[in-house]
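Listed in order, the protein sequences are those of chains A and B.
For the first sequence, the UniProt record's numbering gives the first residue as 1, with consecutive numbering after it.
For the second sequence, the UniProt record's numbering gives the first residue as 1, with consecutive numbering after it.
The set of hints was computed from the structure by calculation and includes no laboratory data.
None of these values were measured; they are calculated from a predicted model.
We treat Cβ as the ideally placed atom computed from N, Cα and C, and that holds for glycine.
Residues from chain B that face chain A, not an exhaustive set, calculated with beta carbons under 8 Å:
id: 1; residue: 368
id: 2; residue: 369
id: 3; residue: 385
id: 4; residue: 389
id: 5; residue: 393
id: 6; residue: 398
id: 7; residue: 432
id: 8; residue: 433
Straight-line distance between alpha carbons at most 25 Å, and here's what the computed DMTMM-like set of lysine to aspartate or glutamate pairs gives:
id: 9; chain 1: B; residue 1: 366; chain 2: A; residue 2: 310
id: 10; chain 1: B; residue 1: 433; chain 2: A; residue 2: 311
id: 11; chain 1: B; residue 1: 391; chain 2: A; residue 2: 352
The calculated label-pair distances, taken between Cβ atoms and stated as ranges, are:
id: 12; chain 1: B; residue 1: 116; chain 2: A; residue 2: 290; range: 47 to 53 Å
id: 13; chain 1: B; residue 1: 334; chain 2: A; residue 2: 294; range: 54 to 60 Å
id: 14; chain 1: A; residue 1: 448; chain 2: B; residue 2: 346; range: 44 to 50 Å
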Amino acid sequence: MADLDRAIAQLRACRPIPENEVRELCHKARELLIEEGNVVTVQAPVTICGDIHGQFHDLMELFRVGGDVPDTNYLFMGDFVDRGFYSLESFLLLLCLKVRYPDRMTLIRGNHESRQITTVYGFYDECLRKYGSANVWRYCCDVFDYLALGAIVLGASNTLSPSTGAGGGSSEPIPPELGLTEDDIEIEVRNADGHIMSRFPRQERARRAAAAAAAAARRSNSNGSPTNGAAPAPPEREVVVSAPSNTGPPGSGASGSSGGSVGNPAGAVLCVHGGLSPLIDKVDKIRLLDRKQEVPHEGAMCDLLWSDPDEIDGWGLSPRGAGFLFGADIVKVFNHRNDLSLIARAHQLVMEGFKEMFDATIVTVWSAPNYCYRCGNVAALLELSEDESGLGTYARSNGDVNRSDGGMGDGGGGGGGGGGGQRGVLAENELMSLRMRPGPARRYRVFQAAPQDSRGMPAKKPVADYFL
Amino acid sequence: MSALQKKWAKSAVLLQQQQQHDPTAMANLHTLSEEDPFSTQSQSDVDWFMVRGEEEGEGEGEGAASPVDDDSSSASSMSSTGTIIPSPSRSLFARPQGIRARSTLEQIPWTTYFERELFLPSQGGKGGVTHHAYLTFPVGGGGSKRGPLFVMHHGAGSSGLSFAVLSSEIRKRLPNAGILSLDARGHGSTTTTTTGGQGEEGVDLSLDTLATDLYDVIKLTQATMRWEQELPPIILVGHSLGGAVVTHLAKSGRLGGALLGYAVLDVVEGSAMDALQSMHTYLSTRPSGFRSVKDAIEWHIRSRTIRNSVSARTSVPGLLVDTTEEQVQMGRDDKRPWKWRTNLAATQPFWEGWFVGLSKKFLEAKGAKMLLLAGTDRLDTELTIGQMQGKYALQVFPEAGHFIHEDLPEKTAIALVDFYRRNDRSQLVLPPKVSELLAQGKRV
Chain A
1 MADLDRAIAQ LRACRPIPEN EVRELCHKAR ELLIEEGNVV TVQAPVTICG
51 DIHGQFHDLM ELFRVGGDVP DTNYLFMGDF VDRGFYSLES FLLLLCLKVR
101 YPDRMTLIRG NHESRQITTV YGFYDECLRK YGSANVWRYC CDVFDYLALG
151 AIVLGASNTL SPSTGAGGGS SEPIPPELGL TEDDIEIEVR NADGHIMSRF
201 PRQERARRAA AAAAAAARRS NSNGSPTNGA APAPPEREVV VSAPSNTGPP
251 GSGASGSSGG SVGNPAGAVL CVHGGLSPLI DKVDKIRLLD RKQEVPHEGA
301 MCDLLWSDPD EIDGWGLSPR GAGFLFGADI VKVFNHRNDL SLIARAHQLV
351 MEGFKEMFDA TIVTVWSAPN YCYRCGNVAA LLELSEDESG LGTYARSNGD
401 VNRSDGGMGD GGGGGGGGGG GQRGVLAENE LMSLRMRPGP ARRYRVFQAA
451 PQDSRGMPAK KPVADYFL
Chain B
1 MSALQKKWAK SAVLLQQQQQ HDPTAMANLH TLSEEDPFST QSQSDVDWFM
51 VRGEEEGEGE GEGAASPVDD DSSSASSMSS TGTIIPSPSR SLFARPQGIR
101 ARSTLEQIPW TTYFERELFL PSQGGKGGVT HHAYLTFPVG GGGSKRGPLF
151 VMHHGAGSSG LSFAVLSSEI RKRLPNAGIL SLDARGHGST TTTTTGGQGE
201 EGVDLSLDTL ATDLYDVIKL TQATMRWEQE LPPIILVGHS LGGAVVTHLA
251 KSGRLGGALL GYAVLDVVEG SAMDALQSMH TYLSTRPSGF RSVKDAIEWH
301 IRSRTIRNSV SARTSVPGLL VDTTEEQVQM GRDDKRPWKW RTNLAATQPF
351 WEGWFVGLSK KFLEAKGAKM LLLAGTDRLD TELTIGQMQG KYALQVFPEA
401 GHFIHEDLPE KTAIALVDFY RRNDRSQLVL PPKVSELLAQ GKRV
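Bound-form chain A, shown alone:
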């Protein structure tokens, strides 16, 4: 461990470690990752992060804002490498932390964690430049193949725990005229210093108005004034959908009798880099994939890493040339079927750092501020608090532990088939107003790019000489 701690210290200083140490590290990481299932189970509290893209100094800023490892439990949703100038240091640091604190660090695969993409977008070149050979690139690519494809967060709370990140527990009181308590807050947005930028209460009826206000607040937040989105809202018809009847960990599709997920009042959160796939209707189907390979050009594994949500009905062709677009109906049905309250994903640059869509059933988290050192965006991370109601917890499991039946929900086989089918039925009028279960309380911390150290930055390429 002493070696590992020294390597971590060296990488934190943004200095690469020697090739033989990389080899050893990657070997250890692979042994660790091979034990993980395609979908890792993570227990809240957890801090969820999106794309990093080799922006090492911004990763350091992320750790400053979100808290250091192992004090904070992190989940990174892929795209660690490419584009930025320090892919190597960023990825190796995350990997070291993974090996050092396996239960406090979860890494899942992004579409850039692939041989083909890294040869074009910078990571390969960077390894050559820093080591003079492609060996390190190869070791890293071998690790990529073992990264999990997704994660399920369990035990997230409906209420926010006091802030512990940067700025400590700066708890600003809610204006009394709103008649709200801390427990009513569903969404809280803080800046890099821990000051509250905006808060949105959890009132089902106020949801629509709050979401609209949230969007407006995010737009107007450049001046940093705290905003409260508690405008009175028109009453909204709520259709109560009978609770899904399964007892396994939410998202596992395991079904039983006790109506919902004990100890998990906020529902489970699925984390995946890109999004959904038409070939995946149950989280369990992700578990069945053979992930230990280069990211394919099509199929379920490709879609999970490449797809994007979009304001459409159903499925659409992705302009990216890989994966699909999927609409609100797809997300809502998927969440309902899998007893999820939220999908967290990365993959798309959002200028405000995070973006909730489809009545907060899916959120994009982006953690690379001023992407490519020029896009001018801010970054965000998402904190989910631990549910402290004591209603039971699940141990972190790497495989399919905790599942009450082994079969696919609709695969015939066990008794799960019937239950799964039954709860899947929705009438058309229910679909549009479907709200599975109240989502977990979400605290976003928004941060800017760290002051950039220009050392080590390769000189700008001369412009191409012929461009007409």
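Using the hints provided, position chain B relative to the given structure of chain A.
Then chain B, alone, in the frame of chain A:
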């Protein structure tokens, strides 16, 4: 770090020795080492890459091993971040193509690639134009049932034959595809009658005119070929200036539903605008004339302007005119009578107009979009954001030069055919919407 430095010193020595063996690589190496002394760093670490030098490199052999088969010149854009790449060592082994004694520099006629050529007179703009285009028919039933038509627009100073080799590669993979590759006004065999002379200064090369020309050629081809009901599904493909032209036409929406998508080859507003400043310097380094067509072909290959000798032998002859007679009439004895057909320097007034607003139009126009680049560092901020938001497909071929489609016709064809297949409406079957399932009484 000192180990690395030692390695570098060692490699520099090794490099010098190599240079003495291979005079042709020397020029490239010089430019590179001036740019960056560390580019030779990996010289002594040759074990990791495959030596491809012995391959008959006619652009056919580029394999899946793309990271290692780069043989970039000083104009390379291999890296996305401007990182240093070990290209010198590679090009030492993979010698520049086409200058071996045994390789031929004979020109290849257009008939090898296209079924016919069209002369399409038109009265557009300020006078008459006779558009010249090469055509291979799309096969199949009428209208949208027909195979797709790839409509190609070349860059400034190039010609319709620039896409010849690419065309045959597309047909290999998509036998029912048609190809229409035009010569823009002032280029190739397209002639204008008002401003006197062929491709002289004074030709209107504004973006609007060129886009209208492209539209006219498509419509005139439709009339000539008697595709009566409707156009076949169209994929617009533009290289460089041509990319700006096809984007402009796509944004105008004039092709309506026939336009399936558009592909832009190696041009981005930001980097093009940057490059314009150095354009005159670049142009002044080109020879003003050649002794023969063979000479011109050799220059293109040797200077690595075009890195595929087959394509160079096809496209270069169209770039030149023989001025021997004029020279004789004027009593001069020019040793280099083959002159550039298009005076690029004279087109300068149009340059900015070609590229301003290109990124925005590219993102906004309707239809599937693909951008093929020779390096990711060519993306500007707008397209970087667009790409990371998933608004278009990006393919990068770091081992190619600016003439991507000539350097790597096979890879470019694969990308274009995949692009078409993905967006082919007749084949497209998406999973059903939830509301449709519900309407059918299915459980969701």
